[in-house]
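Could you put together the complete structure from these sequences and hints?
Protein sequence lines correspond, in order, to chains C and U.
Taking the numbering used here, the leading residue of the first sequence gets 249, the next gets one more, and so forth.
Taking the numbering used here, the leading residue of the second sequence gets 716, the next gets one more, and so forth.
Quick caveat, the hints were computed from the structure, so don't treat them as lab data.
Among these hints, one or two may not hold up.
Calculated pairs, SDA-like style, for lysine to any residue (alpha carbon to alpha carbon, straight line, at most 25 Å) [said to hold, decoys possible]:
#, chain 1, residue 1, chain 2, residue 2
1, C, K360, U, I727
2, C, K360, U, G731
3, C, K360, U, T929
Calculated from the model, a selection of chain C residues having no Cβ within reach of chain U, i.e. all distances over 12 Å [stated by the list, open to error]:
#, residue
4, A256
5, R267
6, S270
7, A368
8, S381
Source: prediction; values computed, not measured.
For glycine and all other residues, C-beta sits at the position ideal for the given N, C-alpha and C.
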Amino acid sequence: MIRFHGVAKRYPGGNDALRGISFEVTQGEMVFVTGPSGAGKSTLLRLIPLLERPTRGSIIVNDVNLATLTRRRIPYLRRSIGMIFQDHRLLPDRSVFDNVALPLVIAGFEHKEAQRRVRAALDKVGLLDRERSDPATLSGGEQQRVGIARAVVSRPSILIADEPTGNLDPALSEEIMRLFEQFNRIGVTLMIASHDHALVERLGHRRLHLADGALA
Amino acid sequence: MRFFTQHLSAAIGALGEFQRRLTGNLMTITVIGIALALPAIFILALDNLAEVSQDWDGTPSANVYLERTLSEQEQTALLSQIDALSGITRSVLISAEQGKTTFAERTGMAEMLNLLEQNPFPAVIQATPVNTLNPDEVSALVGTLADLPGVEDVRLDQAWLQRLQTIVDLASRATGLIGALLAIAVVLVVGNTIRLDIENRRSEIEIMKLIGGTDAFVRRPFVYTGFWHGLMGGMLAWILSAIVIAVVARPANRLAGLYDSGFALSGPWLADGLTIVATGVFLGLVGAWVAVTQHLRRIEPGEGT
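See the structure below:
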């Protein structure tokens, strides 16, 4: 599903974020990427939807070698991957419903079908009653769940979450992680970056531990 | 169908954005309207003038001004002398008194004329040459007329028609240049407005690209913003030029009347208006395109964070 082979990323200025890492995540797996901040967790995840290009090595996602993807094809790669961010990345001037509907609007879904899917996604994250709300009026945990609904609404086969619980208290964090496990149970492949070792350990999924840009 | 609905929603979305920043957008539209109205007004006026010279039947006629000292008999003698010239088909004598009366009738300045001790108008013989003469023969004929005793001056009315033609040519060339400069101004104004728009919506654009929005999708609302600006600016320009021409038409037509011309300032008609609006839309789209290609590509979710 996701295969890294000798992937290195050097930022301008000579900062090596990743130093030649190789791993494979198979379909339906739920994998945590752990390690101290600055170890390269975010960089690793950002390479998968080509938010960044690797300096070296090859990445294969859904049997496609990302090196062969032209700029024009990148949007279609991103549509097949749901992304969740620590800072939610919601549009503040649109309702919860419109935020979640955005991937479907972009993909050109028919209105009725889009509406149905948005409701289903909001229902799954337990926010169906907030669809008309302004994101700013929601709590941090609720905003994150809107972000998750947006990531899953187009039913991608891969979900990527970068510190999704970074700003949440332990109870809410656990709640979010349980939500991810539910998606995993229906066959979605997940890669989640987290520095919350205690929580990750408790959940007991496969772990990729990064230290100073290398797998440990 | 999907293509159509996506465009429709982008167009309506852009209109929504438009009214969210109403004041700024209205100012942009006003600038576009004025910038388009100015050349439009000049072009319309010149079109009207060009029609005057086209309406002309092409036969010049010479105004032969007679010396004031000539008696009535001498004037009539001169008339028959001119009438007898080969190359002249028709000649009419307009006495000084007739000239004064006609002028007074046309201008309503009879009282002012009465203040003058002396009739300022000379007697004139209007001589029409045969229309087969070439310009050289016409000037030779003018020379002959001027050399006749008792003739003060000869004016070929074609001369001022030619002058008018030249002025129109000059003015339309200047209008073309100014119009081109103002068109560039419109493109830049729209481009700049959209550049600011893009900056204001930077995070929105990033998010769009993050979740798989194609360049075309991200570009579309901004291109439609340019379209709306151009459309509304063009309509404003149409209204402005119609107002200006309506205000100016009356005195202009009066002035034309003084020159004994059938010229009547009119317009802008539907076709002119649609041309103005289409020009606005075109320039708006060009401006949007310039801004979008320059700035949109630079915003990538990969940068920064």
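Do the hints match the structure? See the list:
For a cut-off of 25 Å, the pair hint linking K360 of chain C to I727 of chain U stands: about 19 Å separates their Cα positions. Under the criterion of a C-alpha separation no larger than 25 Å, the hint pairing K360 of chain C with G731 of chain U is consistent with the structure, at around 22 Å. A distance of roughly 23 Å separates the Cα atoms of K360 of chain C and T929 of chain U; the hinted pair therefore holds under the 25 Å criterion. At roughly 17 Å, the least C-beta separation between A256 of chain C and chain U is larger than 12 Å, which holds for a residue marked as non-interface.
Residue placement check: R267 of chain C keeps its beta carbon more than 12 Å from all beta carbons of chain U (closest about 20 Å). Against chain U, the non-interface label of S270 of chain C holds: every CB pair exceeds 12 Å, the least being about 23 Å. At roughly 18 Å, the least C-beta separation between A368 of chain C and chain U is larger than 12 Å, which holds for a residue marked as non-interface. Listed as a non-interface residue, S381 of chain C keeps its Cβ farther than 12 Å from every Cβ of chain U; the least gap is roughly 18 Å.
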